[in-house]
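Sequence lines, in order, name chains U and X.
Following our numbering, the numbering of the first sequence begins with 113 at its first residue and continues without gaps.
Following our numbering, the numbering of the second sequence begins with 113 at its first residue and continues without gaps.
Honestly, the hints are just simulated from the structure, not real lab data.
From a predicted model like this one, the values you see are computed outputs, not experimental measurements.
Possibly wrong hints are sitting among the right ones.
Copies of the same chain are indistinguishable here, so a pair counts whether it falls within one copy or spans any two.
In silico DMTMM-like links for lysine to aspartate or glutamate, alpha-carbon gap of 20 Å or less [said to hold, decoys possible]: (1) 135 <-> 121; (2) 371 <-> 395; (3) 117 <-> 306; (4) 117 <-> 136; (5) 370 <-> 395; (6) 147 <-> 243; (7) 117 <-> 317; (8) 371 <-> 263.
There are 2 protein chains.
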Amino acid sequence: MTNIKKVSELAGVSTATVSRTLKDPDLVSPQTREKVMVAVQQAGYRPNWMATSVKTGKSNSIVVLVPNLVNPFFMRIIEGIEQAAQEKGYSVLLGDTQGSASREHEYASMLLTNRADGLIQLDHSFPFSQDDAHLVGNLPVVSVCERIEGDKKYPVIELDNYAAARAVTHHLISYGHRSFGVIAGQISSQIHHDRLAGIKSVLAEEGIVFDEAMLVGGSYKIETGVEGVQQLLTRAQPPTAIICFNDDIAIGALYAIKKHGLRVPQDISVTGFDNVRVAAYMDPPLTTVDQPAYQMGRRAVEVLIQQINRQPLTRTREILPFSLLERQSTGPVSKPNQH
Amino acid sequence: MTNIKKVSELAGVSTATVSRTLKDPDLVSPQTREKVMVAVQQAGYRPNWMATSVKTGKSNSIVVLVPNLVNPFFMRIIEGIEQAAQEKGYSVLLGDTQGSASREHEYASMLLTNRADGLIQLDHSFPFSQDDAHLVGNLPVVSVCERIEGDKKYPVIELDNYAAARAVTHHLISYGHRSFGVIAGQISSQIHHDRLAGIKSVLAEEGIVFDEAMLVGGSYKIETGVEGVQQLLTRAQPPTAIICFNDDIAIGALYAIKKHGLRVPQDISVTGFDNVRVAAYMDPPLTTVDQPAYQMGRRAVEVLIQQINRQPLTRTREILPFSLLERQSTGPVSKPNQH
DNA sequence: AACCTGACTGTAATCGATTACATATAGTCA
DNA sequence: TGACTATATGTAATCGATTACAGTCAGGTT
Chain U
113 MTNIKKVSEL AGVSTATVSR TLKDPDLVSP QTREKVMVAV QQAGYRPNWM ATSVKTGKSN
173 SIVVLVPNLV NPFFMRIIEG IEQAAQEKGY SVLLGDTQGS ASREHEYASM LLTNRADGLI
233 QLDHSFPFSQ DDAHLVGNLP VVSVCERIEG DKKYPVIELD NYAAARAVTH HLISYGHRSF
293 GVIAGQISSQ IHHDRLAGIK SVLAEEGIVF DEAMLVGGSY KIETGVEGVQ QLLTRAQPPT
353 AIICFNDDIA IGALYAIKKH GLRVPQDISV TGFDNVRVAA YMDPPLTTVD QPAYQMGRRA
413 VEVLIQQINR QPLTRTREIL PFSLLERQST GPVSKPNQH
Chain X
113 MTNIKKVSEL AGVSTATVSR TLKDPDLVSP QTREKVMVAV QQAGYRPNWM ATSVKTGKSN
173 SIVVLVPNLV NPFFMRIIEG IEQAAQEKGY SVLLGDTQGS ASREHEYASM LLTNRADGLI
233 QLDHSFPFSQ DDAHLVGNLP VVSVCERIEG DKKYPVIELD NYAAARAVTH HLISYGHRSF
293 GVIAGQISSQ IHHDRLAGIK SVLAEEGIVF DEAMLVGGSY KIETGVEGVQ QLLTRAQPPT
353 AIICFNDDIA IGALYAIKKH GLRVPQDISV TGFDNVRVAA YMDPPLTTVD QPAYQMGRRA
413 VEVLIQQINR QPLTRTREIL PFSLLERQST GPVSKPNQH
């Protein structure tokens, strides 16, 4: 590797001058600048990133903790993160945690070893290990979608899940539905509680009691949707509308419902969350809640970099707008509840 | 930040001893080790990653260049990359290029600045800029799926696209199809040529002439499938089978065909490539070529690390097995070509 | 002529580690 | 006891940059 020393010798100047030529050319006379640039070219010199980082104490990298990479919704967020980071001169270290706490800890500890300047968490767990917890002072951390558990208050970019769930429920109620099934994703998260609370609040207003037996599921997977429908259809009074907590679940639900010989939306209406790319091309196209995933990723980076630069945060919670996309997987109840 | 100096003072030893305690404890007496560990704990010391990297000359990071993140097939590969990297003590820098050459150059130059030790390319372009090209000696680079263009021969982990395309075509021929449409992805790639050649070879053997007007498309997107079908259906003799070069295209094709009031597979058979997660849950479930994406990612990392460690490569081209998944989007021709 | 200023460049300290080399101490053996 | 060895630790050089500080020199001012 060619280093700054070689270049300085080649140009017949000191290393300081080389460094200045590259970092702050105005400090160097045009003649010297020229000499140095020639030497740089000739030697094919590129400053060693690690050396610069040691000196400046900044890595210009951020870690992104993501439970898995197969969920297209996460990828939209990460796309936003990546592009905003790139624009601001940061690079993104990908931390696929597979939901494992120890992997989270490992990645989170990158902040403590100066390997990364900040962390974006897409899951809801406190990312640091118990051993590290007392060291994390106010390390730059932002969460997207989920609020981070624990005492420390980290800024969060999220959706108004309560309102979104209310909107979905209202939409279905307006079609005359009164019997609802819910296929949930990860149960232990704030999102889950908010959405469920949103649904129940509307039902309460309509005087409908939500039967807890109508709540199934437990992870954001297609298979959860398939199994969820199987369970719901064995109930004495199957629901006429099924609210799925993401589009993958909804895709599984569509599949299972049709497999049972029932039609969507004539027999059962189905809704999702996220508006993944394929949602609009399902048969029928999926009614779902659009989340500005890309934008959420971008905002997360902006807020994170604010923290990194020790700028005061204007607020610790940012709620981005959703929109309910009414497609063809929802429709009027055809046969009224025989109950 | 607590550094090694502080810890050494706290423990009453030299920095060398602290470093040895953490890196090679056998060199240190049990008593001193104990003292140091206590000091490390108390100070909450974590070695500065950047400093270690400067000294060792290794970053233990790899860059992954990916044209976009929304393609779930890429994400399966990256998942494999990420996990293999993690196991081997490497971390992954995500380089979303959006197909832009300058972004590729920027990310690729991380190898020249010691920011990363190796690079995995998921696209087909030579990732370095012209300026850098003479510097890249034998920097560790591996490509997955696509062969990298240019003179330099980089190892590649790929699928036997020719054979896979032949298998798909044979499958359709066995159902009696004789009139084929093809909706292609990125035209300028090796994959494209291999697959097209595979299809044509089978057709030639069957004495079928491939009508070049039946080749449409140009990018790996759902919309390409939708538009592709629209074009193909305006042909004087619409095809009875459509081969799509990835599942996203196929999903768009299914959607468009049904929108035209035709049935799959009764009127038109459709096939994809990749076997993305949703493929099995389409209506009808998609016949597609399964690629071992996760495994390809893992292998790429292994081969890359071999290069990083300057171990000789046993071979520069590795072809992983595909399997044709026959689902319900393909079936016998119902109405024989009226031709 | 003496002094000052500003532009440019070099010397050397520094970032936070690792490690070659030197040194000290205790233990072993003839 | 003296020589030798092994073990443990410290000193200081080193990785490849950045930058505070100091020095040089030309030109301008009084």
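Here's how the hints hold up against the structure:
1. Taking identical chains as interchangeable, the C-alpha atoms of residue 135 and residue 121 lie at most 20 Å apart only when both belong to the same chain, with a minimum of 18 Å there against 35 Å between chains.
2. Within a single copy, residue 371 and residue 395 get their C-alpha atoms as close as 13 Å, and across copies as close as 10 Å, so both meet the 20 Å cut-off.
3. For the identical chains of this complex, residue 117 and residue 306 are neighbours neither inside a copy (59 Å) nor across copies (49 Å), given an alpha-carbon limit of 20 Å.
4. Taking identical chains as interchangeable, the C-alpha atoms of residue 117 and residue 136 lie at most 20 Å apart only when both belong to the same chain, with a minimum of 18 Å there against 32 Å between chains.
5. Taking the shortest Cα distances, residue 370 and residue 395 sit within 20 Å of each other both inside one copy (10 Å) and across copies (9 Å).
6. In the homo-oligomer, the alpha carbons of residue 147 and residue 243 lie at most 20 Å apart only across protomers (19 Å), although the nearest pairing inside one protomer, at 52 Å, exceeds that limit.
7. Taking identical chains as interchangeable, the C-alpha atoms of residue 117 and residue 317 are never at most 20 Å apart, the minima being 75 Å within one chain and 65 Å between chains.
8. Taking the closest pair of Cα atoms, residue 371 and residue 263 never come within 20 Å of each other, the shortest separation being 46 Å inside a single copy and 53 Å across copies.
Consistency with the previously given hints fails for numbers 3, 7, 8, ordered from lowest to highest.
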